[in-house]
Amino acid sequence: MIRFLRQRCSQAVVVLLLVSVIVFGLLHLLPGGPARAILGTHATPTNIAAFNQQNGLNSPVPVQYWHWLTGVLSGNLGFSYVQNESVSSLLAQRLPKTALLAGVSVLLAVLIAVPVGFFQAVRRHRAGDYVVTTVALVLYSTPAFWVGILLIDVLAVRLRVFPAEAPQGSFSALISDPQALVLPVLTITLVTVAGFSRYIRSSVLDELAQDYVRMARSKGASRRVILFGHVLRNAAGPVVTLLGLSLPFIVSGTLITEYVFNYPGIGLLAFDAATSQDYPVILGVVIVVGAATVVGSLLADITHAILDPRVRASAGIG
Amino acid sequence: MRHSLRLGLAAAAVATATLVATACTSSGGGTGSPGSSATGKAVSGGTATYAEPPGTTPNYIFPMLTAAYYSVANIEQFQRLSFRSLYWIGNAQGQPVVDPSMSLAALPVYSKNDSVVTITLGNYKWSDGEPVTTRDVAFWINLLKANKTSFAAYIPGEFPDNLKSYKIVNAKTIVLTLNGSYNPTWFTYDQLSQITPLPTQAWDKTSASGKAGNYDETTSGAKAVFNFLTAQSKDIATYGTNPLWKTVDGPWTLASYQSGGYAKFEANPAYAGPTRPKLKYFVEQPFTSDTAELNVLRSGNSIDYGYLPTQESSQSGVLSSQGYTTSPWLGWGTTYFLMNFNNPQTGPLIGQAYLRQAMQSLIDQNSFLAGPLKGYGSTNYGPVPVKPSNPYSDSYEAKGPWPYSPSTAVKLLKSNGWTVNPNGASTCTSPGTGAGQCGKGIAAGTKLSFTLAYASGTEFVSQEMQALKSDFSQAGIQVNLSSEPFDSIISLLTPCTSSQSSCSWQMLNYGGGWTYGVDPYPTGDQLFETGSGSNSSNYSSPQANALIQATVHGTVGLTNYENYLAQQAPVLWMPQPDYQISEISNKLQGTSPQSPIESLTPENWYFTQ
Amino acid sequence: MSPENVASVLGPEQSTAEAEAEATAGGVWLRAFVRNRLAVTGLVVIVALLLLSFVGPLFYHTDQVHTRLGMETLAPGAGRPLGTDDVGYDELGRLMVGGQTMLEVAFGAAAVAVVLGVLWGATAGYFGGLLDALMMRIVDALLAIPAILLLLFLATVFRPSVLMLIIVVGVTAWLVPARLIRAEALSLRSREYVLAAKTMGVRSPTIIFRHIITNSLGTILVNATLQVADAILLVAALSFLGLGVAPPATNWGAMLSDGLNYTYSGFWWLTYPPGIAIVLTVLAFNVVGDGLRDAFGLDTRRG
Amino acid sequence: MNAPATRRREEQPAAAPVLQVSGLDVDIRLPSAVVHAVQDVSLEVWAGETVGVVGESGCGKSTLGLALAGLLPPEAETRGSIRQDGRELVGLRERELRGIRGAEVGIVFQDPMTSLNPTKRIGAQVGEALRLQRGASKAAALRAAADMLDRVGLPRPREQLDRFPHELSGGMRQRVVIASALICEPRVLVADEPTTALDVTTQAQILELFDGLSAELGMATLLVTHDMGVVAGHANRVFVMYAGREAETGATETIFETPRHRYTGALLGSILRMETPRKSRLGTIPGRPPDLTAPGTGCPFAPRCTAASGECTSQLPAASEEDGHRWSCYHPLDAQETKRIPEAQR
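Protein chains in written order, with my numbering: chain A, 1 to 318; chain B, 1 to 609; chain C, 1 to 303; chain D, 1 to 346.
A couple of the hints might just be wrong.
Unchecked claim - From the derived model, a few chain D residues whose C-beta atoms are all more than 12 Å from chain A: (1) E49; (2) S81; (3) T202; (4) A215; (5) G269; (6) E322.
As the list claims (entries may be wrong) - What follows is a list of derived Cβ distance ranges for each label pair: (7) C:R203 / A:A92: 39 to 49 Å; (8) D:G170 / C:R210: 30 to 40 Å; (9) B:T497 / C:L51: 15 to 25 Å; (10) C:L51 / A:P62: 49 to 59 Å; (11) C:S161 / A:L17: 51 to 61 Å; (12) C:G129 / D:Q205: 31 to 41 Å; (13) C:S161 / A:D177: 55 to 65 Å; (14) A:A173 / B:A231: 22 to 32 Å; (15) A:C9 / B:D128: 55 to 65 Å; (16) C:G129 / D:T196: 27 to 37 Å.
Honestly, the hints are just simulated from the structure, not real lab data. Ideal placement from N, C-alpha and C gives every residue a C-beta, glycine not left out.
All chains should be modelled from the sequences, with the hints used to inform the complete structure.
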C-alpha cells in the first residue's frame with residue numbers, strides 16, 4: 001500500500017506539473033503574450049513593453065516558467081483588472097460555492113445512479129431496464145442548459161415550486177436558502193445521473209458475469225446477498241474511479257448550470273472572464289480545477305485501492 | 001445585454017449602448033410611471049432589489065477611476081449613491097439638465113467674459129458629521145492635477161488643464177480662474193459636473209493606519225494619496241468593511257459587496273439632501289444573462305426593479321398581472337456603429353461621403369424599431385438625439401437627411417461611378433476624382449465588400465446586423481459579419497493610422513454609441529474632432545472641427561454641428577434603443593423619472609403596503 | 001442479447017459453440033449489429049438527419065440569405081411548416097442549414113480527435129516504457145482541464161468559424177481515444193504476430209499501422225461514433241455561451257439558444273425543432289455506438 | 001458440524017442413489033435460437049461414489065453440472081427429473097433452490113483465479129455458506145472455515161482467514177474454493193473441470209483431495225472434465241457425453257478397457273497423440289461438435305464418425321446395455337478395434 005501511495009502520488013505530481021506547463025503555454029499562446037493576459041485588453045503596446053521589461057518576460061522561457069510557477073505555488077495567481085480583485089481572492093470566494101453545488105449534485109447523482117444502475121443491471125433487458133435506459137439516454141443527450149431552462153420554465157415559472165435563481169451574496173446566504181439550490185442541483189444531478197447510471201449498469205453487469213458471483217450463488221446466496229455482499233464493493237471500485245475522472249465533466253456541467261441559474265461560482269467566474277477576456281481569471285480557474293481533478297483522481301485511486309486489495313498489490317500499473 | 005460602459009479616453013475611449021427615445025409617445029418617463037399611481041400607504045424600511053443587467057456590474061468605488069473601470073455601473077449606479085458630484089444631471093422631468101436641488105452646489109456664476117467661475121456649496125454633511133467644504137473640492141482638484149492621466153474622464157486641454165488657479169474664499173465658496181473664455185453651459189455640464197468633493201478628513205492620507213493630513217497639497221503627496229486610495233479600491237473584498245468608504249455625503253453607504261457585482265447599500269441617516277432614504281437597504285444584484293433575469297422576474301418577487309429583455313417584451317402583459325409595471329427608461333446618448341477611415345483596404349471607400357450616405361440610406365430604422373426593438377426605441381439620425389426631450393436637438397434629426405431608401409442608395413452609387421450589382425458586390429467602373437467618379441484612392445474594379453464585427457450577446461443587435469447585411473445587398477454592398485464578445489470588440493476601439501496592425505478592422509458595432517454621461521452637453525468634442533481620444537473611426541473634417549470648437553468656446557448652439565454630422569454620416573446612425581425596459585414592482589413607488597444619465601436614486605423609492 | 005452476455009450466462013462451452021457458429025456465417029459483428037434493432041434505428045435516424053440537412057435544401061427551397069423583418073417569429077402555417085425565426089428566416093430551412101454546420105463540425109471534430117488520439121495512443125502503447133509514461137501523463141494533465149474551459153479560452157483567442165470549431169473541439173476531445181487505443185496497443189504489442197513482425201525487422205510505424213491500429217478498429221469505430229455525439233453537445237454548449245458561428249451561418253445549438261431568448265413568448269417552434277434535433281442526433285450516435293460496441297464484443301465500460 | 005451430516009446419512013436408505021437424474025432436457029433460449037444443451041440425460045450417483053462426466057467443449061457437460069447445482073440462467077428451461085436423496089429439484093422455485101445450493105449440492109468451478117471474490121477475505125468466503133445455510137455466527141463460521149481449510153490441506157489455515165485471494169497461489173485458491181463448497185458437507189459435489197487451470201503437480205494433489213473427501217463425507221461426486229486421464233484415476237464410473245446426449249456410460253475400467261461407442265474410442269484414441277496424456281485436450285478429434293441449436297435426427301456423432309452408415313444419419317440409435325455398461329451406437333467398437341487403443345491408456 002505504501003509503495004502504491006508513493007507511486008501514485010509521484011504520478012500526480014508529474015501530472016500537476018504538466019498542467020502548469022499547459023497553462024503557462026496557454027498564457028504564451030495569447031496574442032500579446034502574458035502581458036496582455038495580465039494587463040487586460042486595454043493595455044497599449046507601451047504598457048506591454050514596460051510590463052515585459054519589469055517582470056522579466058524578456059528572459060528565457062524556462063526562467064519565466066520557474067518564476068511563474070513559484071508565484072503560483074505561493075498563491076499568486078495574478079490580478080484581474082476586469083474584476084478589480086486578485087485572482088486568488090476571487091477563487092477563494094467562488095470555489096466554496098461551486099464545491100457546494102457540484103458536491104451536493106454529485107453526491108445525489110451517485111445516490112440515485114447506484115441503485116438505478118443496479119436495478120437496470122438486475123432487470124437487464126426487461127421492461128424496467130429499457131424504460132430507465134431510455135430516460136437516461138435522453139437526459140444524457142439533452143444539452144444541460146436546455147434541461148435547466150425547461151426545469152425553470154416548469155418548476156419555477158409555471159408551478160412556482162422553487163426559485164429560478166440561486167441565492168446570491170455570501171456563502172452563508174447560499175446555505176441558508178436550500179430551496180433556491182434545488183433547481184441548479186437538480187439540473188446537474190439529472191445530467192450526471194444519466195451518464196453515471198449507464199456506467200454503473202455496465203459495471204454491475206460485468207461483475208454479475210464474474211465467476212465469483214456464480215460461486216456465491218452456488219453457496220445459496222440470495223440476490224440481495226450477491227448484490228450487496230459481493231457485487232457492490234467490486235463494482236464500487238470502477239465507480240469511484242469514474243467519479244475521479246469525471247470531475248472535469250462535472251465542472252463543465254456546473255459552468256453551464258451556473259450560467260443558467262445565475263449562480264455565483266467559479267463556472268460563472270470563468271464564463272465572465274472568457275467574455276471579458278480576463279485571462280488571469282480563466283487560467284486561474286483552469287489551474288485550480290486541474291489541480292482539483294488531479295487530486296480528485298488521486299483520492300479516487302486511493303479509495304479504489306482501499307476497496308480492492310488487488311489494486312494495492314499491483315502498484316505501478318499504467 | 002446592454003453594456004452601459006462609458007470608457008474613457010486614455011486607452012480605448014468610447015462609450016456605448018443606450019439611450020433615448022421611446023416609441024411610446026407619453027411624456028416624461030414613458031408609460032405608466034409607478035410614482036404617479038400610488039396604490040397604498042408609504043411605509044419606511046424594507047430592502048429594494050435592483051437587477052443589474054449582464055456586463056453592468058460595479059467593481060470600483062474610488063470616484064477618481066481609471067479607464068478600465070469607467071462605466072455607468074461604477075459611476076452613476078454605484079459611486080454616486082455614496083459620493084455626490086457638484087452638479088447633478090437629470091431633472092424631475094427626466095431631462096438631461098442640471099437639477100440644482102440635487103446638486104452639492106448652487107449653479108455657478110460666470111464672470112470676466114466667462115473665464116472666472118464662482119461656486120458656492122450648499123449645506124451638505126459627511127456621514128461623520130463634518131460639513132462638505134470647499135477644501136473637499138480642492139482635495140479633488142489637487143488629486144486630479146497630480147494624477148490626471150490616470151483619471152478616465154481626463155481629456156488633454158480640458159479640466160484641469162484649462163484651470164489656471166483656484167482660490168478658496170471660505171468654507172462654502174471657491175473661485176476658479178480659467179485659461180480663457182468658455183461656453184458656460186459646456187463648462188458646467190462637461191467639466192464641473194465631474195468634480196466630486198472627497199472627504200479630506202478621512203481620505204487625505206497615504207496609508208490605512210496613517211492620520212489624515214494635507215498631503216494632497218504637494219504633487220508628490222497627492223500622488224501618494226491617489227495611489228493609496230487606488231490600492232484600497234482594488235481590495236474589493238474589503239469594500240463592505242473598509243472604514244474609508246464609510247465616510248459618505250450621499251444617501252447610501254455600502255454595507256456589503258461580493259465580487260461579481262452584488263452590492264448591498266444601507267441608508268445614510270446623516271444625508272442632508274432634499275430626500276432622505278425611506279428604504280433601509282438597497283441591493284444591486286448581478287445577472288449572467290437576460291434570460292436568467294427574466295426567469296427570476298417571472299418566477300417570483302425577489303426583484304423589485306428589474307427589466308424586460310427587448311426580445312421578450314411581449315411578456316409585459318404577463319408581468320403586469322404579476323404586479324409589475326413596465327416603464328421604458330430613456331437614456332441620454334446616440335447610437336451608431338463605426339467605419340474605419342484609416343483601414344488600408346476600405347478606408348478610401350469610407351472616406352467618400354456619398355458611399356456613407358448610401359449606406360445610411362440602406363439602414364431601415366423603422367423596421368429595426370418595429371422588429372428587433374419591438375417598439376422600444378426611436379429613430380436616430382444624428383449625434384444629438386430627439387429623445388428624451390431636451391433643449392439641444394434640432395427638428396432636422398427627427399427625420400434625418402438619409403432615411404431608408406434603397407433607391408437613393410443605388411442612385412448615389414450609380415452617379416458616382418459604380419456599377420451596382422444587387423446581391424453581389426458593386427464595382428467601381430469609373431475611377432477618378434472628378435465629378436461622377438468613384439473618388440480618391442479607389443481603383444477600377446474595386447468591389448464594395450466590408451467585414452463587420454459586432455458584439456455578441458445582445459439579441460436585437462444580432463438581429464439588426466443580420467437584417468442590415470441583407471438590406472445592404474440590395475445595393476450590392478457586401479457585408480461579412482462576425483460576432484465577438486463585447487470586450488474583444490471594444491479592445492479594437494482606439495484611433496489608429498493605416499500602417500498600424502490595430503487598424504485592420506473595417507466596421508465595428510459594439511451595440512451602442514455614445515452615452516452623454518461625461519459630457520451631458522453633447523458637443524462632440526470627444527467624438528468627432530480630429531484626433532480626439534474617442535474618435536475611434538479616425539474621422540477628420542475641418543468643417544466639423546470648426547463647428548465643434550464653436551460650441552465649446554462660444555455660446556453658439558449645437559444646431560449647425562449636429563445637422564452637419566447628420567448629413568455627413570461619419571458613423572452609421574442606428575435606431576436608439578431604450579436604455580432598458582424597466583419592470584418595477586407596483587409595491588415600489590417613487591421610481592419616476594428614470595434618470596437620463598442612468599443614475600439610480602433609491603432615496604426617492606419607498607414601499608407601499 | 002449481445003454475444004458477450006450470452007457467453008457470461010452460459011459459461012465457456014456454449015459461447016464457444018455460439019461464436020464458432022457465427023464465425024462460420026462470416027461478418028460476425030455486422031450480423032450482431034444488424035440484429036440490434038435499437039442500433040439500426042439509431043443508424044436510420046442519423047441517415048435521416050443527414051438527408052434532411054444536406055439533401056433537404058435541394059427540395060425545400062428557402063431564402064437563408066435575406067432577412068425578412070416584419071415576418072419574424074411567425075408561428076407555423078401554410079408555406080412555413082415550422083414558422084419563421086427572429087429575423088424572418090424560414091425555420092425549417094434554417095434547421096437544414098444549422099444541421100449542416102452542426103454535423104460538419106461534429107464529424108470533423110470527431111475525425112480530428114480520433115486520428116490524433118489513435119496516433120498518440122498507439123505510439124505510446126506500442127513503445128511503452130518511459131515514452132508511454134510521459135505521453136500518458138500529458139493526456140492525464142489535459143484531461144484534468146475541463147474541455148469547456150479550454151474551449152472558452154480558445155474561442156476568445158480564435159474567431160469562431162466552422163473550421164475553428166472543428167479544430168478546437170477536436171483538439172480537446174482526442175484524449176479519451178488516446179487512452180483507449182493505448183490500452184489496446186499495450187495488449188496487442190505482446191501478441192505473437194507483432195513480436196514476429198518485430199523480429200523480422202519491420203519498422204515500428206508499419207507495425208503500428210498494420211497491426212496495432214488495424215486490430216483496434218472496433219474500438220476506434222465505437223469511440224468515433226461516441227465522439228460525434230459528444231462534439232454535438234459541446235458545440236451546443238458553446239453556442240449557448242455565445243461562442244458559435246457567426247450569422248447568417250448557424251447551428252442547432254445556436255438556434256436553440258436563440259430560441260430560448262423567447263422562452264416566455266411561447267415561440268415553441270424556435271426551441272423544440274433544433275432541441276429535438278440535437279437530442280435525436282446525440283441519442284442516435286450513442287445508440288449506434290453502444291450497438292457497435294456490443295457487436296464488437298468490447299468491454300462495456302470502455303469508450 | 002458433523003452432527004447434522006451424520007443424522008442425514010442415517011436417514012437415507014443405503015439402497016438409493018444420492019443423485020438420480022432421469023430424462024433431463026435443458027434448453028437455453030437465445031433471442032435468435034434455442035440451444036438444446038442437454039437432451040434426455042439419465043444418470044445416478046451413489047454416496048461416496050465419483051462419476052466422471054467427459055466430453056469435448058460444447059458437449060453440454062458443464063450445463064449438466066450447472067443444472068444439478070440449480071445454477072442455470074433464467075434463459076434456461078429444464079424438463080425431466082433431478083432427485084437428490086429422493087427430493088425433486090426440477091421445478092423448485094429459486095427460493096427453495098437457494099436452500100439446497102451450498103447445503104445439499106456444492107459446486108467447484110474451473111478457474112480458482114476468478115471463482116473467489118477478490119475483495120472479500122478468505123475466511124468470510126469459506127464460511128459464507130455456513131452463515132447463509134445454517135445461520136452460523138461470524139465467529140463460528142470462521143472457526144469452521146479454519147477447520148475446513150485444514151482438511152483441504154491448506155497450510156497454516158488460521159493465518160489464511162484474513163488474507164485476500166490474490167495473495168494465494170492457484171492451487172491454494174482452488175483448495176479455498178473446495179473448502180467453501182464443502183463447508184456445509186453437501187450430499188452432492190459437482191466439480192466442473194476443477195483442475196484444468198492448475199499445474200500438473202497441483203492437479204494431482206487436488207484430485208487426491210477429492211478422492212479422500214468424497215469417501216470421508218460420503219458425498220456423491222460428479223467430476224466434469226474433458227481429461228480422460230483425470231477420469232481414469234479418480235472416477236468410479238464414467239459418463240461420456242456428446243452433443244448434449246449420453247454416448248456411453250459404465251464403470252471406469254469397462255469404459256477404458258472395452259469402450260463400445262466410437263466417440264469414446266476417439267476420445268481415448270486422441271490421448272495417444274499427445275506426448276503428455278494428462279495435458280491432453282480433446283480438440284484433436286477431426287471435425288467439429290454439432291450445432292446444438294439444430295440437432296439432426298440421427299446420431300449426432302455421425303458426421304465425424306469413420307464408421308457412419310445411412311441409418312446413423314437418419315435415426316438416433318437406441319441404447320444397448322450390458323452389466324451397467326450402456327452405449328448408443330449402431331456400429332459399436334469390437335474387441336479388435338479396442339486393442340488398437342494402447343494399453344497405457346486403459
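message = Which constraints among the numbered hints does this structure fail? Numbers only, ascending.
response = Numbers 7, 9, 11 and 13, in rising order.
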